[in-house]
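Quick mapping for you: the protein sequence lines, in order, are chains E and R.
Letter by letter, the first sequence follows residues 1 to 441 of the working numbering.
Letter by letter, the second sequence follows residues 442 to 999 of the working numbering.
Please note that a few of the clues may not be correct.
What the hints assert, rightly or not - Derived DSS-like pairs (lysine-lysine); straight-line CA-CA distance at most 30 Å:
id, chain 1, residue 1, chain 2, residue 2
1, E, 3, R, 827
2, R, 494, R, 897
3, R, 851, E, 134
4, E, 295, R, 561
5, R, 851, E, 3
6, E, 96, R, 851
7, R, 695, R, 897
8, R, 570, E, 295
9, R, 851, E, 56
10, R, 953, R, 901
11, R, 953, R, 943
12, E, 135, R, 570
Keep in mind that the hints were calculated from the coordinates and are not lab data.
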Amino acid sequence: MGKTGLVFFPAFDWAISPTHPEREERLLYTRDQIFEEGILDNSNIVEYTPRLAEEKDIQRVHFCVPNVETQTTSAHFISAGSALKLGDALMAGEIKNGFSLVRPPGHHAMRVVHGNRGFCNINNEAILVEYLRKKYNIRKIAIVDTDVHHGDGTQDIFYHDPDVLFISLHQDGRTLYPGTGFVEEAGGPGAYLSNINIPLPPRTTDEGFLKVWRKIVRPLLKKFAPELVINSAGQDNHFTDPLANMLVSSQGYAKITEELKPDLAVLEGGYAIETALPYVNLGILLALAGQDYSKVVEPYYRREELKQTADTTNYIDRLINYWQNMFSANPPDKEQLFSGKMLYNRSRNIYYDTDNIREQQQEFVYYCPDCPGIYQVISESDKTFSRSCGIKGISIPIYACSKCEEFGYELWQKETKEKVYDYYYLQDKKNDQYLMEQAGK
Amino acid sequence: MLIGIDIGGTFTDGVVISGQEVIKAVKVRTDEEISFSIEEALKQILTDLDPQKVEQVTLSTTLITNLITQERLPQTGMLLLPGPGANPEQLNFAGPYRVLRGAVDYRGRVIESVDLNEVKEACTYFLEKNIHHLVVACKFSQRNSSLEKQIVEYIQKYYPQVKVLASYEVSGLLNWVRRANGAFYTLATREASHVFQKYINNTLTKLGLDCPVYMLKADGGTLPINVALRYPLETIFSGPAASALGSLACLDEKATAVVVDIGGTTTDLALLLRGKPLLAERGASINNYPLPVRSLAVASLELGGDTSITIEEGKICFTKRQGPALCVGGPTLTVTDILVYSGYSTIASRDLIKEQVEAIAAELQLTPEQFSEQVLELFVEQLEAKLEAMFHAWEEEPAYRIWQVLAAKKQRPQTLLCLGGPSGGIGKYWAEKKKWQVIIPQHYAVANAIGAALAKPTLKVDFFADTERKTYSTNIGGLQGTLLQPLKHVEEAKKFFLMVFKATAKEWNLAKDMPIETLYEEGFNIVRDWQTKGRIFQIGLQTVPGIRTFIKEERSDG
Chain E
1 MGKTGLVFFP AFDWAISPTH PEREERLLYT RDQIFEEGIL DNSNIVEYTP
51 RLAEEKDIQR VHFCVPNVET QTTSAHFISA GSALKLGDAL MAGEIKNGFS
101 LVRPPGHHAM RVVHGNRGFC NINNEAILVE YLRKKYNIRK IAIVDTDVHH
151 GDGTQDIFYH DPDVLFISLH QDGRTLYPGT GFVEEAGGPG AYLSNINIPL
201 PPRTTDEGFL KVWRKIVRPL LKKFAPELVI NSAGQDNHFT DPLANMLVSS
251 QGYAKITEEL KPDLAVLEGG YAIETALPYV NLGILLALAG QDYSKVVEPY
301 YRREELKQTA DTTNYIDRLI NYWQNMFSAN PPDKEQLFSG KMLYNRSRNI
351 YYDTDNIREQ QQEFVYYCPD CPGIYQVISE SDKTFSRSCG IKGISIPIYA
401 CSKCEEFGYE LWQKETKEKV YDYYYLQDKK NDQYLMEQAG K
Chain R
442 MLIGIDIGGT FTDGVVISGQ EVIKAVKVRT DEEISFSIEE ALKQILTDLD
492 PQKVEQVTLS TTLITNLITQ ERLPQTGMLL LPGPGANPEQ LNFAGPYRVL
542 RGAVDYRGRV IESVDLNEVK EACTYFLEKN IHHLVVACKF SQRNSSLEKQ
592 IVEYIQKYYP QVKVLASYEV SGLLNWVRRA NGAFYTLATR EASHVFQKYI
642 NNTLTKLGLD CPVYMLKADG GTLPINVALR YPLETIFSGP AASALGSLAC
692 LDEKATAVVV DIGGTTTDLA LLLRGKPLLA ERGASINNYP LPVRSLAVAS
742 LELGGDTSIT IEEGKICFTK RQGPALCVGG PTLTVTDILV YSGYSTIASR
792 DLIKEQVEAI AAELQLTPEQ FSEQVLELFV EQLEAKLEAM FHAWEEEPAY
842 RIWQVLAAKK QRPQTLLCLG GPSGGIGKYW AEKKKWQVII PQHYAVANAI
892 GAALAKPTLK VDFFADTERK TYSTNIGGLQ GTLLQPLKHV EEAKKFFLMV
942 FKATAKEWNL AKDMPIETLY EEGFNIVRDW QTKGRIFQIG LQTVPGIRTF
992 IKEERSDG
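Using the sequences and the hints, build the whole thing.
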């Protein structure tokens, strides 16, 4: 039987601020529970030491404004690096699956990073995906996000990538941060239906959570046939979470983990640090290791109080219906979605709750019949009482055709001459080259 | 003068150290009754020595290890209170157990109470099986021992014939399986420890020795013999600790080296890093059961000088020791014979085995030189594979803090320190082929006894305090209590813990001026509803480990 790899990095010396939910104490009780259980002495769980990610690993995913150094601390490099460490162990065949039980989290970090949003600066799962694709030539990867908040960062990063299937189960955006993650957000024209949102009504229980997994997510994964499955294992769907309104238990989390069988799970949010995290983390770890988790029951668990109402069940059934219909119909092809135009564009405002930043963004994707096409982004941010900063980023996809690769560099030459924005970035994922230029220098 | 005695499988060694010199060394055959061997070694040491000049005696014994590995223990049962969590069936408990109701959580709050009817039922169950030794282990009992205490008191009251021990008294380690196993073996070896101590005390009186006696621990520290009675398990696996310390004594305080102790049947590998032996990440295990005992990270191989060489399907293979080497009258060709044949060892004449070596080589269509080379290569290859795994485990030690991850990259040692009979030959070969620096200490034959003699008493205490619940606890068995002061910041907590530490140090007979070092100190805010409700402190203190002195010696480095 294969082993389960664990990197446990509670970052006991790192916090956003002393009373912020993302503080030193967050994984303290989880540490107590997991160590006290004695399960780390079991031969089928191997603990790995964390490592630092490299700057390049971050540039492969993000346009950090003005640079990676400004947007990160050592804790971010370690949190991202821990996932990479397990990725390497998985690919080397040392482990059958792995759990990166680390903080700080990352799934709200988008491609462009002006600051911290939703407690995240850089996206650990996206960094992992791009690293694995670059290093091991993996093509198709699925990310299933079971955090209560919409994984808007991961959605943003892979929105135009047909080879990464992103599925997010979360509390409906009309009732919770970040206010996105509706079914209509289903991927760019070149990657339609590779982004699946399942916005669940507040007070969804294990029953509803597992039902959408079995009726929507599982069939979708089967159809997509990814080479690897990554789980963004947020734990704030828990019935005691202080920042959300769901009714999922550690049993529900363990069950979905057992059935999903992720190759790698990466901790995301979850701020019921006493009542949920010790039990949910333990449940997930046991489920990954193929051990009995049936006795992982919260002391505060009252089955009768965690009953799903008929309304909630009906709503969830309609949601399931929606996705089942979408997938039984013939989806429009790329050409139809670009509707004859050579350029797709989208404008948005993005809000950074932690750092109080408003970002205005315009994205462009160039149509290419042979590859996902060149991606371009113009982004301007303004912080309260400080000068705005404008950037332009060009991204050449990892599986770009040679024409697009050439075109990407042509654009870079042309744009950097114009010097309209403060910073220019070229992200050449194909050749693993990352360039930055500051206007006027 | 310091006396060190190390009990090995075959021989018991004793040394006397005065200043920086080994002034006397004795060797006696190890008797089945270990105390006899100690007595015999002490007698030989004291033939021309004034007992009044001896400052201390330190013993490194295999007493407890042997009792456990040979399963010469009274039958012992376990009462387990797992509460929520992993299924006990999938955990590694050392004895038969019954699972009971009652649970404590990570903060030490009782979340389920004990059902005494269940305790009664469990006692009846074990008594019917003629088991009269019972241990009680509750998850998080180090944070709150009340449930374990309640059960122990009940058993003492209604089943006075039963010997019972609670896990919190043995260890406060954050790992209930290890605590439970620790309590299990502590209870099971307690009587034998008593008998042993009594015998040793009588022996010392008889010989006119009235100095303090210490037992060497698995982590290379020592423990006064009367404290060792309470924590007999701490004295298991002291042999590798003795050899690592003995090696260190021949080097210097910043030494980084691999200690290779090659015996007849097994080889032990240990690491010295900047003058400190590497400890096992989680602690020792015995019979595959994890224990709450700090120990050296030791890798053992079933490979030694007497390992015999066989040919299977045209390939060279190593098999278990059949007896001594051929060149000293043994039954089969061994690694030692090859060392003799290739000139790496001079313990016997090459002519005695020339014929056999040549015959086997011919069978393999090799020259005798090629054959010898291949045997030694295979031997070193296996040692190196084990060493690689050991380095890997060291490099993969978990880190939970940023500073630990950012700490300097771990440098692998380039020096081999060889102990034991065959290690000279293997060491020379290793140095020639693999460019290691090889050191063979002058006193390599009694290095373990030197290590025992020079070991220092050590005490390491992990403190934990929760100011919201006003409780504190430690890893030292049973030491937990209520906070009377508020403990506002880390410095205050440290001051309080230092006081507790010194009280324990006194109980352990440690010198008052013993330097104490802080291993870690951290405070966590307990924040609920955006309000700070209290603090959790984690502080680790220990007496500075190491050895009393380094030995001056003349040696030839390979």
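The hints, checked one at a time:
Distance hint between residue 3 of chain E and residue 827 of chain R is fulfilled; the C-alpha atoms sit about 20 Å from each other, no more than 30 Å. The hinted pair formed by residue 494 of chain R and residue 897 of chain R meets the criterion: a straight-line CA distance of about 19 Å does not exceed 30 Å. For the proposed pair residue 851 of chain R and residue 134 of chain E, the alpha carbon gap of about 28 Å is at most 30 Å, so the pair holds. Distance hint between residue 295 of chain E and residue 561 of chain R is fulfilled; the C-alpha atoms sit about 24 Å from each other, no more than 30 Å.
With a C-alpha separation of about 26 Å, the suggested pairing of residue 851 of chain R with residue 3 of chain E holds against the 30 Å cut-off. A distance of roughly 27 Å separates the Cα atoms of residue 96 of chain E and residue 851 of chain R; the hinted pair therefore holds under the 30 Å criterion. Between residue 695 of chain R and residue 897 of chain R the alpha-carbon distance is near 17 Å, which keeps this suggested pair within the 30 Å criterion. Taking the CA atoms of residue 570 of chain R and residue 295 of chain E, the gap is about 28 Å. The hint holds against a cut of 30 Å.
Using a Cα cut-off of 30 Å, the hinted pair residue 851 of chain R and residue 56 of chain E holds, with the two alpha carbons roughly 24 Å apart. Between residue 953 of chain R and residue 901 of chain R, the direct Cα distance comes to roughly 15 Å. Compliance with the 30 Å bound is thereby established for this hinted pair. For a cut-off of 30 Å, the pair hint linking residue 953 of chain R to residue 943 of chain R stands: about 8 Å separates their Cα positions. Restraint check for residue 135 of chain E and residue 570 of chain R: not satisfied, since their Cα atoms lie roughly 60 Å apart, outside the 30 Å limit.
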